[in-house]
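First residue of the sequence shown? That's 431 in our numbering, and the numbers climb one at a time after it.
A hint or two may mislead.
Claimed, not checked - Computed Cβ-Cβ distance ranges for the label pairs, DEER-style:
1. 468 / 505: 18 to 26 Å
2. 512 / 453: 35 to 43 Å
3. 464 / 508: 42 to 50 Å
4. 513 / 469: 44 to 52 Å
5. 550 / 484: 17 to 25 Å
6. 513 / 451: 34 to 42 Å
7. 512 / 461: 45 to 53 Å
8. 466 / 524: 14 to 22 Å
9. 441 / 464: 15 to 23 Å
10. 468 / 517: 33 to 41 Å
11. 466 / 494: 21 to 29 Å
12. 550 / 505: 30 to 38 Å
13. 516 / 485: 18 to 26 Å
The hints are simulated quantities; they were obtained by calculation from the structure and are not laboratory data.
Heads up, the beta-carbon is just placed ideally off N, CA and C, and yes, glycines get one too.
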Amino acid sequence: ASDGNTGNSVRPEDKANFAALLAEFRSQLNAYGAQSGRSYQLSAFLPAAPAKISAGIDIPSVFSSLDFGNVQGYDFHGAWESVTNHQSNLYPAAGDPSTAVYSIDTAIRAYRNGGAPASKLVVGIPA
431 ASDGNTGNSV RPEDKANFAA LLAEFRSQLN AYGAQSGRSY QLSAFLPAAP AKISAGIDIP
491 SVFSSLDFGN VQGYDFHGAW ESVTNHQSNL YPAAGDPSTA VYSIDTAIRA YRNGGAPASK
551 LVVGIPA
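Kindly generate the complete structure, drawing on both the sequences and the hints.
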């Protein structure tokens, strides 16, 4: 999990609560779909940093509720850092001076290694 904006609180139960929230959304969407005769998709914006994935995403539980997960494939680096770096690199950059090395490949592997089906992973890219 991540603190995000100033004032946000991060608690140990956030990982389980996020999975429970998505399961409840899925249950309610399925019930509503049964009444309306329609099907509804559920997706979520998901982090790309392996540490944030591990800390905040129960991959099997989350992906059992989602139709697809949108993995953040951008904002790996930016103006908040003192060194210019790749903003949306596919693979880890050789010589990356950062303490945390980010890439789309690293993020997708983290989800796949955790049990996320490839068919449910969507990568967001900068436009």
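- Hints violated by the structure (numbers, ascending): Violated hints (numbers, rising): 1, 8, 9 and 12; every other hint is consistent with the structure.
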